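Asks: Chains Y and E are the protein sequences, given in the same order. Numbered per our numbering, the first sequence spans residues 58 to 427. Numbered per our numbering, the second sequence spans residues 2 to 235.
Do not rely on the hints blindly, as some may be mistaken.
Below, a list of computed lysine to any residue pairs in the SDA-like style, where the Cα atoms sit at most 20 Å apart [stated by the list, open to error]:
#  : chain 1 : residue 1 : chain 2 : residue 2
1  : Y       : Lys189    : E       : Pro148
2  : E       : Lys126    : Y       : Leu283
3  : Y       : Lys189    : E       : Leu127
4  : Y       : Lys408    : Y       : Asp282
5  : Y       : Lys240    : Y       : Pro331
6  : E       : Lys126    : Y       : Ala152
7  : E       : Lys126    : Y       : Pro331
8  : Y       : Lys132    : Y       : Ser90
9  : Y       : Lys209    : Y       : Ala163
10 : Y       : Lys209    : E       : Ser137
Derived by calculation from the structure, the hints in this document are not laboratory data. Nothing here was measured: the structure is a model prediction, and the numbers come from that model.
What follows is each chain in one-letter form.
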Amino acid sequence: MSVLVDIGHRQGGFSLEAAFESSGRLTALFGPSGSGKTSLINAIAGLIRPERGLIAVDGRVLVDTKEGVFVPRHKRRIGMVFQDARLFPHLSVAANLRYGRWFTPAAERYGDIPAVVELLGIGHLLDRRPAKLSGGEKQRVAIGRALLASPKLLLMDEPLASLDEARKAEILPYIERLRDETKIPIVYVSHSVAEVARLASDVVVMAQGKVAAAGPTTEIMQRLDLLSHEERVEGGAVLDTRVLHHDERFGMTVLGSPAGEIRVPYLRAIVGQPVRVRIRARDVMIATEQPHGLSALNVLAGRVAAIEPGEGAAIEVRIDCNGVTVMARITRQSQHALSLVSGRDVFAVIKTVSFDQANMAAAPKEQFDA
Amino acid sequence: MNWLLDLSPDEWNAVRLSIKVATVAMLVSLPIGIAVALLLARGRFWGKTLLNGIVHLPLILPPVVTGYLLLLAFGRRGPAGAFFADYFGLVFSFRWTGAALACGVMGFPLMVRAIRLSIEAVDRKLEAAAGTLGASPLWVFATVTLPLILPGMIAGAILSFAKAMGEFGATITFVSNIPNETQTLPSAIYTFTQVPGGDEGALRLTLISIVISMAALIASEVLARRVGRRMDIE
Chain Y
58 MSVLVDIGHR QGGFSLEAAF ESSGRLTALF GPSGSGKTSL INAIAGLIRP ERGLIAVDGR
118 VLVDTKEGVF VPRHKRRIGM VFQDARLFPH LSVAANLRYG RWFTPAAERY GDIPAVVELL
178 GIGHLLDRRP AKLSGGEKQR VAIGRALLAS PKLLLMDEPL ASLDEARKAE ILPYIERLRD
238 ETKIPIVYVS HSVAEVARLA SDVVVMAQGK VAAAGPTTEI MQRLDLLSHE ERVEGGAVLD
298 TRVLHHDERF GMTVLGSPAG EIRVPYLRAI VGQPVRVRIR ARDVMIATEQ PHGLSALNVL
358 AGRVAAIEPG EGAAIEVRID CNGVTVMARI TRQSQHALSL VSGRDVFAVI KTVSFDQANM
418 AAAPKEQFDA
Chain E
2 MNWLLDLSPD EWNAVRLSIK VATVAMLVSL PIGIAVALLL ARGRFWGKTL LNGIVHLPLI
62 LPPVVTGYLL LLAFGRRGPA GAFFADYFGL VFSFRWTGAA LACGVMGFPL MVRAIRLSIE
122 AVDRKLEAAA GTLGASPLWV FATVTLPLIL PGMIAGAILS FAKAMGEFGA TITFVSNIPN
182 ETQTLPSAIY TFTQVPGGDE GALRLTLISI VISMAALIAS EVLARRVGRR MDIE
């Protein structure tokens, strides 16, 4: 399964000139608002007609301006979840869910209504009208509605952006299940580092209508220079780990990674389950020798791979811990005092309590197994 | 009450005819009204302002002028009248069908206005969403647009019906005032007022036309509220 996009489009004063190809389980289109993410997926969905270019999903050409190919949106079989849900107000939740199914040839339908209802936990809403639902419930129904049209690709346009933190936390696990339990590839638009780090197997970074970078999430997330000023605070390394065991006595979970054991607050997960953690660069300290008498529980041995300029007084240090990168943000003064240079052996120190639930989630399966 | 319902056969005929004419005028102009409202709300074409003007003409012209124009166009020898008579066997002049045509034309701008407003209020993003779910443009219209403009359609239809119940000038100019054929309630009331001792009949028919119009309005309110509650658009 792959998505291939190479388009040029102008709209008012904005020009989009973007190309990417991805075969990931969940590809995030990441970038600040106005960077062209939404135009890009609108073009994939067939909601806008690009002036130039090629769009193909799984080898099927949907748009090829050179050949004059433009498949209308209703023949693309591409599901879309909008930021504003867009449920049909005149239909019940059940009828909304059935809507797309009706237009799908019986032979191409997959996933039945009870399974999707169960996956999204919307069984108690079926008889209600959309107007009576909360924002989070609406969004779950919208996801179900898109799924039941049996799409070959699912597009999600900032599905959490208009929700508060509690509602986001309510929906994120469902999107993770969607990613891991269905076979539909997802292209997910977001401007939130936390969401992308948690969900994506691959990231395409957009800036001013162009693709600034693209690649696997764990690689792209280390590129703190790609983040906007506001998001840079949240930036850091993404590690895919597995649960080794639980420490019942202290209420902790021990994760295994090539960099070594990482102790995090207790996680509801079974031993062996893949878990993705995001370690914010600002939460990482650097020691030049094995520290003693320190409260921080995670000390990872590594080597300085690169030192990159940060903002203001800060620099960002890329530490290679046995093949896994951990990012640390420290001051220029500390760099000077410790005489940090590339190639130097160091220890990355991370407090267990700096991991909160928002920074830990089930890892995308393929990503981990690969 | 007995006095009110003690109608002569001719009076009964006028009531029946009025309801028939208004109903036919409303039903026939509804699909055309929806099409024109769609064109005006969504279409981008040369001459849109002109079409809009023509649709609204019956609202601003004196009804007699509209009636006379209908007579010229749809009379037995008029171009449109001859066409319908030759190809469909449909004659308008001095028939109840002509009364329905006149009423339909007079109510048309009101109907189009109501439907057009409701079409413009439809969130086109919902239609885009329906498209991504596999619905072709025609299906999108049938399953999303049409249900969403239902309140506007009801309002437009009732306006057209009410206008038809009260239409006088264009009708009498176009198809005259023939009992049992083109004599609708207003024409009958007019006739009563022209003869000595007709006051009682005129009052009776006036009260009946008030009752019918009120009933239509209340019915549309109830209907619109029920549809509105069902939809509950936030």
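Asks: For every hint, state whether the structure bears it out.
Replies: Evaluated hints:
1. Lys189(Y) / Pro148(E): holds (19 Å)
2. Lys126(E) / Leu283(Y): violated (32 Å)
3. Lys189(Y) / Leu127(E): Measuring from Cα to Cα gives roughly 18 Å; hence the hint holds.
4. Lys408(Y) / Asp282(Y): violated (24 Å)
5. Lys240(Y) / Pro331(Y): holds (18 Å)
6. Lys126(E) / Ala152(Y): The hint holds at about 18 Å.
7. Lys126(E) / Pro331(Y): violated (39 Å)
8. Lys132(Y) / Ser90(Y): violated (29 Å)
9. Lys209(Y) / Ala163(Y): holds (15 Å)
10. Lys209(Y) / Ser137(E): holds (18 Å)
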